[in-house]
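Given the coordinates of chain A, work out where chain B should sit on it, guided by the hints.
Spelled out, the chains give:
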Amino acid sequence: MSRLGNLGARLYRGEVGYDFIGKRKIWYGVSILITITAILGLAVSGLNMGIEFKGGAVFTTDTKAKVSVSQAQEDAATASGHEAIVQELGNGGLRIQITEVDTQKADQIKAQLSEDLGIPEAKINADLVGPSWGEQIANKAWAGLGIFMVLVVVYLAIAFEWRMAVAALIALIHDITITVGVYALVGFEVTPGTVIGLLTILGYSLYDTVVVFDSLKEGTKGITKQTRWTYSEIANRSINGTLVRSINTTVVALLPVAGLLFIGGGVLGAGMLNDISLSLFVGLAAGAYSSIFIATPLVADLKEREPQIKALKKRILAKRAAAAAKGESVEDERDDRDDLDGDYDEDTQHAGAVVGQRRQTGGHGRTPRNRR
Amino acid sequence: MAAPKKGRGSTGGQGRPGRALVLILIAMVALTGGMFLSGHTTPRLGIDLAGGTSITLKAKSQPGKPDAINETNMNTAVSIIERRVNGLGVSEAEVQTQGASNIIVNIPKGTNSAQAREQVGTTAQLYFRPVLTVTGGEPTPEGSASPSASGSGKASATPSAKATDPETASDPKTTPSASATTQGRAVTDGLKKDETPTPSASTSGAPASSDAPAATGKPDPATAALEKKFTALDCTDPAARAKAGDGVKPEEPTVACGSEGDAKYLLGPAEVSGTDVDDAKAQFDQQRGIWLVSMEFTDKGSKKFQTITKKLSSQQSPQNQFAISLDGEVVSAPQVNETLSGSAEISGSFTQQSAEDLANVLSYGALPLSFSEDTVTTVTAALGGEQLEAGLIAGAIGLALVVIYLVAYYRGLALIALLSLLASGILTYTIMALLGPAIGFALNLPAVCGAIVAIGITADSFIVYFERIRDEIREGRTLRPAVERAWPRARRTILVSDFVSFLAAAVLFLVTVGKVQGFAFTLGLTTLLDVVVVFLFTKPVMTLMARTKFFGSGHPWSGLDPKRLGAKPPLRRSRRVTARTDHPKEA
Chain A
1 MSRLGNLGAR
11 LYRGEVGYDF
21 IGKRKIWYGV
31 SILITITAIL
41 GLAVSGLNMG
51 IEFKGGAVFT
61 TDTKAKVSVS
71 QAQEDAATAS
81 GHEAIVQELG
91 NGGLRIQITE
101 VDTQKADQIK
111 AQLSEDLGIP
121 EAKINADLVG
131 PSWGEQIANK
141 AWAGLGIFMV
151 LVVVYLAIAF
161 EWRMAVAALI
171 ALIHDITITV
181 GVYALVGFEV
191 TPGTVIGLLT
201 ILGYSLYDTV
211 VVFDSLKEGT
221 KGITKQTRWT
231 YSEIANRSIN
241 GTLVRSINTT
251 VVALLPVAGL
261 LFIGGGVLGA
271 GMLNDISLSL
281 FVGLAAGAYS
291 SIFIATPLVA
301 DLKEREPQIK
311 ALKKRILAKR
321 AAAAAKGESV
331 EDERDDRDDL
341 DGDYDEDTQH
351 AGAVVGQRRQ
361 TGGHGRTPRN
371 RR
Chain B
1 MAAPKKGRGS
11 TGGQGRPGRA
21 LVLILIAMVA
31 LTGGMFLSGH
41 TTPRLGIDLA
51 GGTSITLKAK
61 SQPGKPDAIN
71 ETNMNTAVSI
81 IERRVNGLGV
91 SEAEVQTQGA
101 SNIIVNIPKG
111 TNSAQAREQV
121 GTTAQLYFRP
131 VLTVTGGEPT
141 PEGSASPSAS
151 GSGKASATPS
161 AKATDPETAS
171 DPKTTPSASA
181 TTQGRAVTDG
191 LKKDETPTPS
201 ASTSGAPASS
211 DAPAATGKPD
221 PATAALEKKF
231 TALDCTDPAA
241 RAKAGDGVKP
251 EEPTVACGSE
261 GDAKYLLGPA
271 EVSGTDVDDA
281 KAQFDQQRGI
291 WLVSMEFTDK
301 GSKKFQTITK
311 KLSSQQSPQN
321 QFAISLDGEV
331 VSAPQVNETL
341 SGSAEISGSF
351 TQQSAEDLAN
361 VLSYGALPLS
371 FSEDTVTTVT
381 AALGGEQLEA
391 GLIAGAIGLA
401 LVVIYLVAYY
411 RGLALIALLS
421 LLASGILTYT
431 IMALLGPAIG
441 FALNLPAVCG
451 AIVAIGITAD
461 SFIVYFERIR
471 DEIREGRTLR
481 PAVERAWPRA
491 RRTILVSDFV
501 SFLAAAVLFL
511 VTVGKVQGFA
521 FTLGLTTLLD
531 VVVVFLFTKP
541 VMTLMARTKF
551 FGSGHPWSGL
561 DPKRLGAKPP
571 LRRSRRVTAR
581 TDHPKEA
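In the order they appear, the protein sequences are chains A and B. Numbering-wise (full-length UniProt numbering), the first sequence opens with residue 1 and increments by one. Numbering-wise (full-length UniProt numbering), the second sequence opens with residue 1 and increments by one.
FYI, nobody ran anything at the bench for these hints, they're computed from the structure. Watch out, some of these pointers could steer you wrong.
As the list claims (entries may be wrong) - Chain B is nowhere near these chain A residues, computed Cβ spacing over 12 Å in every case:
#1 A43
#2 V67
#3 E74
#4 Q308
Said to hold, decoys possible - With a straight-line cut-off of 25 Å between C-alpha atoms, the simulated DMTMM-like cross-links for lysine to aspartate or glutamate are:
#5 A:K123 <-> B:E94
#6 B:K60 <-> A:E100
#7 B:K60 <-> A:D107
#8 B:K109 <-> A:D102
#9 B:K109 <-> A:D107
Every residue, glycine too, gets a C-beta built ideally from N, C-alpha and C.
This is chain B alone, in the form it adopts within the complex:
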């Protein structure tokens, strides 16, 4: 592969080194300009340098479902985790897949990472449960009664009162729709009675829960405990909201909060689970001009759904509602007006976004993946800053040592090497800064290491070229032809070795996960930039420098003094070893 396609011939570059230089200068100016225009003048820092918490989740394989861990499921899992984490008020949390079965969650410093972890680690579980009681989100419902719309009207994904108008109901598919007004009234009704018996009364009275052993009319201890829990539940507290449904089995009744915290529910056992949903889509109803969510059930799910809707449709409000509970939170609680099967639509005051969200939620539930926490790294801002500083100091020391070595050995030529390293540095820095917003690249500690190691790889390209030029001078050539004759061979070597280096980086990047990836990325990027810099910068500059008196005449300090290099006069004939075909074939 070694023969480069785009490279100039051995003498071609001599005439127009300016063009390549202009090209790379334009690239540098454009990148720098772009960097300042985009406002991202520093590379985005990873958690280990900026501080924060980073969690690696691994999807657990599910028995009987060998294909469960696939790209689609992983992506939906990412969206749901993102929603959960960002729902905590973490605005800059980033969630991304890595490899086939890992999800990385990065939570910047200054957030409650413990709470975030709780949210992140759990499985997305979706159930359809009959609603037994619903009240506002406060712990003691009495007095708080502003049930009108607070029950669900604000929850974007929850169908609102509007949905119950006759027009909606006449929809052929018959929309299960919640009515906040009805809901509110039910709550009010409940409040008028003695507070404690309310839940049990409705529990026992609801045929929906007839097959629930825990709710058979006589309040057994479990039911009593549940009631107590329901009364005490404070859905306005996000932590309590998240915990409300913890550890509850689907076949048991439970308490749950509305996802906005403004309603709480006492729910019967799960009748239909997320796995029964085949597909859910957000759709725009042209006729009515509203967004709705349509669901398709699997055969089994369809039967179950038919049974529950039949039961529910004969109930009084609020027991004719079923709650769509996701991870213990009620996302939506539509009202059922008639028996449904096969497919269903949920309508309400959806926006496009909220309809898509709910459709996603329904789909997620249909594709549950459970995750285990594989790593949790918490880095304080202080340590992050320290690590960054250490990395930069190490880089500076490394660079300084390389510079000293190059100056000592190559003298004047070191100037060209330094300029090239500078060009490479500018390109690397600006590209890294721009890649932050573009593809979410974050500079972490291994990436800094990669960049430092890359100093060596980049400098090596110059060494290859300089040694070739010196070889040519030893042949007795003057500098200008030596620079041109050395190039094709140096170019070949640089391309071959950079290719191998890039291959290593690419394989590492594709195969590995976590920190290794950041390292591989930087290494690959700098290797590519090395080729660019050597072709478009080092070589043209070398050609130009060869025209100066200092280098051209082989000044002792230029690093190209023929005498010092041991070139043997007379210069007319080269003395070389026969079998070495030292001159370029490409010439």
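One chain only, chain A, in its complex shape:
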């Protein structure tokens, strides 16, 4: 803990930190590359849709069948007249998947299979899905996605500001694209469980982003009344300040999901647990990445276009140039800043204004180290 704790402290004070904003172009590039790969993957290999979306039947047996997997595959293919995918599960049971059969036909197949495999019908689990069901699920998921995005943008625009809403939305789309892309490239099967996981990412990805924005909003209160830092610099501090929390949150969120993934994949072989946790796992990782590397830098970019903030940056840069020319010592400045902070602490509402004036009279620049 101590090392991490110290790191937290140093991150908090801005003694160490990574220049997320300054290097944003690199990360934008990385994200664009990933996104393009994802879209390409989607276009080339497409998604491997589960039977819930195509219609069909999945039969699972509880007990070990008398026949081998390949024999079961043949039996299923003969019984259905369609190709069957047969997997062996962790408990020795079989999972037989047949696409494009309707629910009536599936009953006959089930009876036939029960005979062939030597397992009583009552011991066969069946999941029969009509072809329109998947479409319905998918449509509703899209509708949900759309409604959620609109609501979130409105909410963030009110609670924060429109720039943050836009940045959050872009980060969200980014996360979903990456997750879908991973599914297309790896060829994981897409089931309603996947959709559930994907939709949950929405909330979680934003959850992370919102925490960083919250800190950013506080940090930039009264920003135009000081001439010490540019918006981007404060934004960078906000990211670094909440970095420990972001890492902790992501780890804590991923741990139970990892538990699910392990149990779902390792013990049950396949199924809902596995599907949800897999998409959550991919999405959570993407979400943690995007709130730090994409969302906040985007806000900074958008903000820096605002005339006020632009002017501020100009003033600050000019002042720094002047300070550098005078060759003022870093230490002086730091002491001075501590004094100011002391006062700042006691004042509350108008602190920004007071500090701003004093700073102008003080006329100091920033230490390069603290600027981060």
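For chain B alone, kept in the frame of chain A given last:
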């Protein structure tokens, strides 16, 4: 929205953490007590965890009737499916609408799910058909003849003999009423004759069927087949009863069973269909002190009804009866004594329930919706148990990993996080257990997943708060003020992020169907409980703990050791970065 209305101020909580704790303890005790009192100590399990069959039906849109799929129709469809499924002896089947056009039917394990599916999937079709012959429900009527009341007297929805007394008949609206006695006699009469010709004789002799091509006196092959079917029909067998009317077109004569299986009918072509009924209501007749069912016909239906009743009223029993057949089963077969139109009343020995049932049946028929089976999931009890076990193990593993991480990183503070998780767990569990009987909430696999994912969301709130407290300590504050100063900012962040999370859950719940809904529900519930726990439990406990020596003095194992956190002495002045307005504005 971030500023919470009910939250205490930054220092307000310091003085009375006990009150909040008492409040949440009372809530926990009340919920736990309620859980034990109600006898539902475990959450109701969904089909995928308990085993059974779950069917999702989707209403098909009807050409020319764009508004057919509406809430009323869906609800009536739910009631009729419920009746059908429960009529099979499935007592715990549950039928509910989901979304705008879906109906979920859950049939617990141990029932004949194949038969249930057959019942569930079909469309509710209501027809008024003239009765050609009626006998008891046995396949070979001879010898079984106990026709007196068995014909329809037992069928709750079927008008009984009483209804034919003069008093009833003098009712201005003139009640079409069946007489079991007459019916029985007719059967007996039929039995006296040669068994086989009976149906054909009555078929050909009935003017009611004069416009039916299949029944024109000369028994053609179709009629003969029908007769054979009628003779063989065994209405005492529920499966045969359900199948009796399968695949029959309304314009053809058919055989049908009484819904109780104690009478079987040979019926003429449908004269009036359910769509001709405008409305049906169960009414209590004050004067006679009996329940009856009144129907209103549409204009077209009224004319049709007039024609058929005119024809029927001139017939001899049993041909003066018309059968109300729903999905191929005769629900009621009242006798017609005179020409009727516009509206009609059916009286009999109705109870309130049976009158309402029949009224519902008549209304359903008037609003037919046909459904397609979208998903059918059959889960054996063994797999259900396995899935539940896997979910619980996954949850335990996830929780254990989170605990290990929290202890490693936050040390003593992890204790508070664990207690909070425990409080959250107790609340979630008791509420889920109580929601089972209250709103029919059933814990399914996605819901278990939601609960496991929620561990992360709940733990995150503590992390936000703990990190804030540590930040304050890094500023050089001692623990007690740090705990209070950190709270307003942590509270804000927690509320904002929980709101977003809840919004996602709410949208998912409202928009989606099926399994997604169970997940969204759990996620939303746990997010709400997270706010409750952080406000009423974590914060007060933190305040109390700050007063202890262990935490207050920053013991190395407390997770709040200023040295380890890198707080810089001297502590009089905080060193902070200017533009960060680190202290609470709400203060």
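Going through the hints against the structure:
1. Every CB of chain B is more than 12 Å from the CB of A:A43 (nearest about 27 Å), matching its label as outside the interface.
2. Against the 12 Å criterion, A:V67 stays outside the reach of chain B, whose nearest CB is about 19 Å from its own CB.
3. With 12 Å as the threshold on Cβ separation, the claim that A:E74 sits away from chain B holds: the shortest Cβ distance comes to roughly 23 Å.
4. No Cβ of chain B approaches the Cβ of A:Q308 within 12 Å, the least distance being about 15 Å, so the stated non-interface status holds.
5. Between A:K123 and B:E94 the alpha-carbon distance is near 23 Å, which keeps this suggested pair within the 25 Å criterion.
6. With a C-alpha separation of about 20 Å, the suggested pairing of B:K60 with A:E100 holds against the 25 Å cut-off.
7. Annotation: proposed proximity of B:K60 to A:D107 holds, straight-line Cα distance about 22 Å (limit 25 Å).
8. As the CA atoms of B:K109 and A:D102 are separated by approximately 23 Å, the hinted pair is consistent with the 25 Å bound.
9. This hinted pair checks out: B:K109 and A:D107 have alpha carbons roughly 17 Å apart, not beyond 25 Å.
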